[in-house]
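Using the sequences and the hints, build the whole thing.
Heads up: the sequence shown begins at 120 in my numbering, then just goes up one per residue.
Some clues are possibly wrong.
What the hints assert, rightly or not - Quick list of simulated restraints, FRET-style, between CB atoms: (1) Arg-206 x Asp-121: 30 to 40 Å; (2) Glu-124 x Ser-208: 20 to 30 Å; (3) Thr-185 x Gly-209: 39 to 49 Å; (4) Arg-215 x Arg-172: 12 to 22 Å; (5) Val-142 x Lys-194: 33 to 43 Å; (6) Val-211 x Arg-153: 13 to 23 Å; (7) Gly-182 x Arg-212: 37 to 47 Å; (8) Glu-134 x Thr-214: 19 to 29 Å.
Please keep in mind that the hints were generated in silico from the structure rather than gathered at the bench.
None of these values were measured; they are calculated from a predicted model.
All C-beta atoms, glycine included, are put in the ideal place defined by N, C-alpha and C.
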Amino acid sequence: MDGEEREETWNDFHELVNMTPAVLEKWLESDDSRDAGQHQDGGESTGHASGRRIVTILRARKGDLTDDDYRHMRKVVGYVRRHLAQRPSGDVRDTRWRYSLMNWGHDPLDG
Numbered sequence: 120m121d122g123e124e125r126e127e128t129w130n131d132f133h134e135l136v137n138m139t140p141a142v143l144e145k146w147l148e149s150d151d152s153r154d155a156g157q158h159q160d161g162g163e164s165t166g167h168a169s170g171r172r173i174v175t176i177l178r179a180r181k182g183d184l185t186d187d188d189y190r191h192m193r194k195v196v197g198y199v200r201r202h203l204a205q206r207p208s209g210d211v212r213d214t215r216w217r218y219s220l221m222n223w224g225h226d227p228l229d230g
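Okay, structure coming up:
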């Protein structure tokens, strides 16, 4: 991944991930967070695992991020954009839709 792609990914990621590492980490400890998303074989959901990785990326220095980190950041950007486009009608405060997005670092009520 070249420097221009990394910069675009960095900007998109930081535009869409609107939860701080501390807030995201606290959210990931909640039952609502653990229950949201797709679980394979009864294990951790994809979004929950992604959230833990996002916390690590947010706490890392930009220069320490790897191509694999940037690939994950692109995955996060794609997920958040797709799910924002599928916003359900009505109050989304206590919905699995919101909880799933929050596992990916984006709280739709905070922006």
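Hint-by-hint comparison with the structure:
no. : hint                          : in the structure
1   : Arg-206 x Asp-121: 30 to 40 Å : holds (34 Å)
2   : Glu-124 x Ser-208: 20 to 30 Å : violated (36 Å)
3   : Thr-185 x Gly-209: 39 to 49 Å : holds (41 Å)
4   : Arg-215 x Arg-172: 12 to 22 Å : holds (21 Å)
5   : Val-142 x Lys-194: 33 to 43 Å : violated (21 Å)
6   : Val-211 x Arg-153: 13 to 23 Å : holds (19 Å)
7   : Gly-182 x Arg-212: 37 to 47 Å : holds (38 Å)
8   : Glu-134 x Thr-214: 19 to 29 Å : holds (23 Å)
Comparing the model with each numbered hint stated earlier shows that hints 2 and 5 do not hold.
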